[in-house]
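Peer 1: Starting from the given sequences, assemble the full structure and let the hints guide the process.
There are 2 protein chains.
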Amino acid sequence: MATGVSVENINPKVLQCEYAVRGEVAIHAQRLQQQLQTQPGSLPFDEILYCNIGNPQSLGQKPITFFREVLALCDHPNLLEREEIKSLFSTDAIARAKKILSMIPGRATGAYSHSQGIKGLRDKIAAGIASRDGFPANADDIFLTNGASPGVHMMMQLLIRNNRDGIMCPIPQYSLYSASLALHGGSLVPYYLDESSGWGLEISKLKNQLEDARSKGITVRALVVINPGNPTGQILDEQQQYELVKFCKDEELVLLADEVYQENIYVTNKKINSFKKIARSMGYNGDDLQLVSLHSVSKGYYGECGKRGGYMEVTGFSTPVREQLYKIASVNLCSNTTGQILASLIMDPPKAGDASYDLYEEEKDSILKSLSRRAKAMESAFNSIDGITCNKTEGAMYLFPRIYLPQKAIEVARAVNKAPDVFYALRLLDTTGIVVTPGSGFGQVAGTWHVRCTILPQEEKIPSMISRFREFHEEFMAQYRD
Amino acid sequence: MATGVSVENINPKVLQCEYAVRGEVAIHAQRLQQQLQTQPGSLPFDEILYCNIGNPQSLGQKPITFFREVLALCDHPNLLEREEIKSLFSTDAIARAKKILSMIPGRATGAYSHSQGIKGLRDKIAAGIASRDGFPANADDIFLTNGASPGVHMMMQLLIRNNRDGIMCPIPQYSLYSASLALHGGSLVPYYLDESSGWGLEISKLKNQLEDARSKGITVRALVVINPGNPTGQILDEQQQYELVKFCKDEELVLLADEVYQENIYVTNKKINSFKKIARSMGYNGDDLQLVSLHSVSKGYYGECGKRGGYMEVTGFSTPVREQLYKIASVNLCSNTTGQILASLIMDPPKAGDASYDLYEEEKDSILKSLSRRAKAMESAFNSIDGITCNKTEGAMYLFPRIYLPQKAIEVARAVNKAPDVFYALRLLDTTGIVVTPGSGFGQVAGTWHVRCTILPQEEKIPSMISRFREFHEEFMAQYRD
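As they're listed, the protein sequences go chains F and P.
Quick note: the first sequence, position 129, residue 138 per my numbering, numbers continuous.
Quick note: the second sequence, position 405, residue 414 per my numbering, numbers continuous.
It is worth saying that the hints were derived from the structure and are not from the lab.
Be careful, since some hints might not be right.
No copy labels: a pair is met if it fits in one copy or bridges any two.
[What the hints assert, rightly or not] Straight-line distance between alpha carbons at most 27 Å, and here's what the computed DSS-like set of lysine-lysine pairs gives:
{"id": "1", "residue 1": "71", "residue 2": "95"}
{"id": "2", "residue 1": "128", "residue 2": "71"}
{"id": "3", "residue 1": "108", "residue 2": "255"}
{"id": "4", "residue 1": "279", "residue 2": "360"}
{"id": "5", "residue 1": "216", "residue 2": "279"}
{"id": "6", "residue 1": "108", "residue 2": "71"}
{"id": "7", "residue 1": "360", "residue 2": "214"}
Peer 2: What follows is the structure in structure tokens.
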């Protein structure tokens, strides 16, 4: 290999960054998958079951028909001039595609759009937000992005000057936040979710963490909240949301609200309120609170991860700051127009009376009900295994069971230089083909060990998956019993 | 506005970043466009003519039919089961869509792919590179990206540790490089292209600039070369390419080859050689040279800017460094699958004998011939205007005419705190509706002034555009004559 750039002289922030969701366990899974292809029968299982990442369509979830009809017509607008499409596409998909194309100068989906995204689509998204919240939203506040992740990076880029700038993040947290903070050279200021109260949060503890960080010379710039939680699956109750909003207002922190799972709710006694709705209902507007709300086409009932669509709604920032955000967006020109169109569709789906409505409702309902059944089945299965406890999954797409590892297992793991939960996850993978993400990638209270497991395997696969998991776990515990 | 984050306390690297292509002139153009809509007739022109950015489909260029057929079928695979599509889609587009879907686990274009992109598509791209160059290429070396820009950012993120790390960039250069360097906090080490010799470069001068930077304590890590040039439109001759490759090898610099305009060639006496082909034909392999080649679906004859597809081919880096690059790619999960599919199509278009071949060739040929005519028409028009000289556009999509501004104009511009070429471009816009990008956004020899103007206006609009430009220029020069 040529010698100029080596791992010894690259940017140390890159080296420090960890991204567990696609880390050691996931990479090992890819190797095993290749081995299964080249040497079938050489492993104690026939397939790799990816429960490490919220990627529904990779596990068989079908896309919403209406959305894909609109995409196909927007991709190839010549079709709209042909009679034959009437038997292939629903009338409202045809009408919607025409309407979307009319918002794009020259109907050119292959042109760079405005750096924030196509204005007409942002209008639709703003209308969708307003109708969801009952408070106005403005297209100028919307930045369309390639999934939600680039929005997070943009905000980190804007806020982080050096390692004395910090962002408060829940622990456990989705690894994107710690990874992005590492890449931008900022400090993660943790606030712990309480496992014993269903991953609840207490404002007094938040306040302590903030004071502690400040006493160490950290300028805390923002607070990340993920609702429903990732990897923890809890839904905040309204009172907690009020307190969080007031806390951010009083402490002058940007509230970075990761609301990408806003459609993934599996309990009837709680509902999702956007943080914008909460703030506005408290009478706080852009003069009181700097709020960034992130959403994505990757989750919900649509699960269109590969299309990389999403948006952030940005309120409470001065014009000069917004101009700087616009500049950051411009350096990448624009997000992909397919993802932009999808983002408008999820915020403006078929309505009662539309030709596609019944099919749309059926598809949506079937996916969400199935996710709910899977969440409950896997949660009770985990709780029935000795040495594992698992909080209720109220929303999102994950279980975060706690694994009570024996001391002997912890020592063996440390002897081979692995975090104990990584050691456990690798053994699980090697034995069963099940891929989970070790809890250490999300952060956890010292001395506790978890894995994140999605609720996404197809329903018919869950019983055998659970029994393989149980069998592995019992053997593992027997082997390392204290 | 809420007070936590203000322009005084954001990341200063963001403030320092400039991105002229979407800078002051482009933003002013958006305002004027809105004014034209809300108050028709209030400006001395009826439309804004965007010559500031290489965005062909926004100015009426049609997408390649075959590519869009394949995209539509991949977006909505249910269509493949219907008889009616035989009258709507070419047989090879149907076959290609099936083949692409067969490369994607579960045919799920809505799933996150491998962080580097779908393996089967990378195989096709590698085969396309091998067939273009006559030297092998490997799918593992390909990183699919949302356009070429994210590839540049990834490399900057990898290479730049602090402001004592530098990257050699041509001056004039495409503003992405200076913008990305500013955002990542590195130093731009310029090497000047010589306007009088058709934007040629001299290795001896390069060497001087390198020594000079090193003597100032800058660790120069990479050299950017853009071929064909942006904004300058020149094509390097083979000898210059050999010398550049040898220079990078000898000096242990990563060669960052921006080859996104490799299909945009308007002269018959030169051809495009990829830097990989040049390096391999010199006998240099991955042990000798660290080479990154960038390509995009946004340019060429396809011009699919809004789809955000592209790739970088990365050779000569050790496994640990590649693992770090993979991690950076993983933090954004993957690039959009529509762009990924398009990237495979441009590297594996219809072949002679395929059902779409004749139409494809006709569309491609018509676009490239028209671009060539436009380049020549605009170049000779600029050269016919007093006080403007313009080098030949051999490739890419831009003219970079030099404007000989009178001293009085320069003084007036400075008095209103504008760079003289920004002042000129704003006046041009206000008077004619023509949007160009000021040369200062790309860098230019001190005391010289340029604008970048694309060759993309539709042919029937060029005569009137040129006459408006000429009229404006003559009046401007008359007003400020020394």
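Peer 1: Name the hints, by number, that the structure is in violation of.
Peer 2: Numbers 3 and 7, in rising order.
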